[in-house]
Amino acid sequence: MIKKKLGPASLLDTESILKDAQRELALPSRRLFAKRALTLGGLSLLTGCNITDEASVNRMLERISRMNDGVQGWLFDPKRLAPTYTQAEMTRPFPFNAYYGIEDVPDIDGSDYQLEILGLVTNKRPWTLEQLHKMPQNEQITRHICVEGWSAIGRWGGIPFSYFLKMIGADLNAKYIDFQCGDDYHTSIDMATALHPQTQLTLTYDGQILPPKYGFPMKLRMPTKLGYKNPKHIVSMEVTNKYPGGYWEDQGYNWFGGS
Amino acid sequence: MSTSILKKPVVHPLWLRITHWLNALAVIVMILSGWRIYNASPIFPFRIPSEWTLGGWLGGALQWHFAAMWLLALNGLIYLLLNTGSGRLWKKFLPLRPREVVQDMLKALRGKLQHDALDHYNAVQKLAYVSVILDLILLVVSGLAIWKSVQFPILRELMGGFDNARIVHFCAMAFLVAFIVVHIIMVALVPRTLLAMLRGR
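Residue numbers (full-length UniProt numbering), protein chains in the order written: chain A, 1 to 259; chain B, 1 to 201.
Careful: at least some of the hints might be erroneous.
[As the list claims (entries may be wrong)] In silico lysine to aspartate or glutamate, DMTMM-like type, Cα no more than 20 Å apart, as pairs:
id, chain 1, residue 1, chain 2, residue 2
1, B, K148, A, D190
2, B, K8, A, E15
3, B, K112, A, D190
4, A, K79, B, E157
5, A, K19, B, D119
[What the hints assert, rightly or not] Negatives, chain A to chain B, calculated, CB over 12 Å:
id, residue
6, V71
7, G101
8, W127
9, D184
10, E249
None of these hints come from the bench; they were simulated from the model. In this text, a Cβ means the ideal position worked out from N, Cα and C, and glycines have one as well.
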């Protein structure tokens, strides 16, 4: 475009634009359209359930969510650590959260508990709680971030999960690890997160045996993942290459679910 | 009539109109789904009426939010590249002098500010458009700090930690909504700006 000099010519343009616009707006249908477009009703058409109920839209969203799993896996740096905190910064009391109320927390007997090992591992021998407590432990004070947006800082102790995986001879090139839980919950994670230095088979909370409301006898604690990816009351785990999904993931929560 | 249209100068180039409307779509989806996500754990003592939200439930809202973010980010990147590359950004929005903003603001409040030339922004418009561009950048950055608080430690610290990033994200959203309300009122008052944004002239 040639830049026009300001002067009578641009004034003329302004006038003609105005005239033209007025003529067009004089059409009653256009005016009506403009009016309707500005109503809340017009806007709410965008938000209606009609869109979300469409199976094809859901399939598209599901597909984008799986693509986002890939992007997040690519973004994930296995060496980057989540921030750690001091004991004074702990959230007290640490909130209870599950897909059921606190009165339905499973009552698991630790004395006959056995952790079952399945899938691509050389040593499938099950583990008693006593054996697990005898393994090397470490501790972390990290932030638990819920998919809902709230967060809380807790102190967790247990076995570094990468150590445990090597101990049982897990195929570290497998894609997934699936967890079945004593409260009928299940979820699965990617191998890179499983091997992350802060991923922990958690046996204690704040220096005490893990209380039932936080996942007795054992949970998986990952400060790089959202709360729903941190399974509680784990009874079995399977190393696999077959996509295992999860309780919330199958309903639409993002599978990678990590930060 | 068709010849008179041809003679008129283009106010908004085609790339600008396309990125504007794609941005409008992305922003509406992000805001409405974001409101549903906010409701899952409000940071302020109020909730957004669920009829105004998109997604039906938290999982659905998150799916919409994390789908539309690609449109928002890629379209925004294209807009910024073309806008800076073509020199339009500086030509349209600079110089932005505080004195002129105050003068034009006072004029506007007395109903005397003219929206006469579509291809020239007054100081209030310049400030509003530059602010909303910066606000959208802040929304993306604070959103990244929430989504990937471990992977982007610099962004997280810049936002004052994870919990604070949510507050920044919310406030930036509120500013965007305020901008949209004023923007739509102005378009309703001067409808030919809508025509120019639709067909360029």
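_At 12 Å, judged by beta carbons, does A:V71 keep clear of chain B as stated?_
Violated, since 9 Å does not exceed 12 Å.
*Would you assess whether A:W127, listed as outside the interface, keeps its beta-carbon beyond 12 Å of every beta-carbon in chain B?*
A:W127 clear of chain B: closest Cβ-Cβ about 29 Å, beyond 12 Å.
*asked:* Check the hint pairing B:K148 with A:D190 against an upper bound of 20 Å on the C-alpha distance.
replied: Judged against 20 Å, a Cα distance of about 16 Å means the pair holds.
_Hint consistency between A:K79 and B:E157 [alpha-carbon to alpha-carbon, up to 20 Å]_ = Judged against 20 Å, a Cα distance of about 19 Å means the pair holds.
*Does the no-contact call for A:D184 survive, Cβ to all of chain B over 12 Å?*
Check passes; 19 Å lies beyond 12 Å.
*Given the proposed pairing of A:K19 with B:D119, does the C-alpha separation stay at or below 20 Å?*
17 Å, holds
_Please check whether the beta-carbon of A:G101 is more than 12 Å away from every beta-carbon in chain B._
18 Å, holds
*asked:* Hint check: B:K112 vs A:D190, CA-CA at most 20 Å. Holds or violated?
replied: Violated: B:K112 and A:D190 sit about 62 Å apart, past 20 Å.
_Next pair to validate is B:K8 with A:E15; report whether the Cα-Cα distance is within 20 Å._
11 Å, holds
*Would A:E249 pass as off the interface with chain B, using Cβ distances and a cut of 12 Å?*
9 Å, violated
Violated hints for the displayed structure, listed by number in ascending order: 3, 6, 10.
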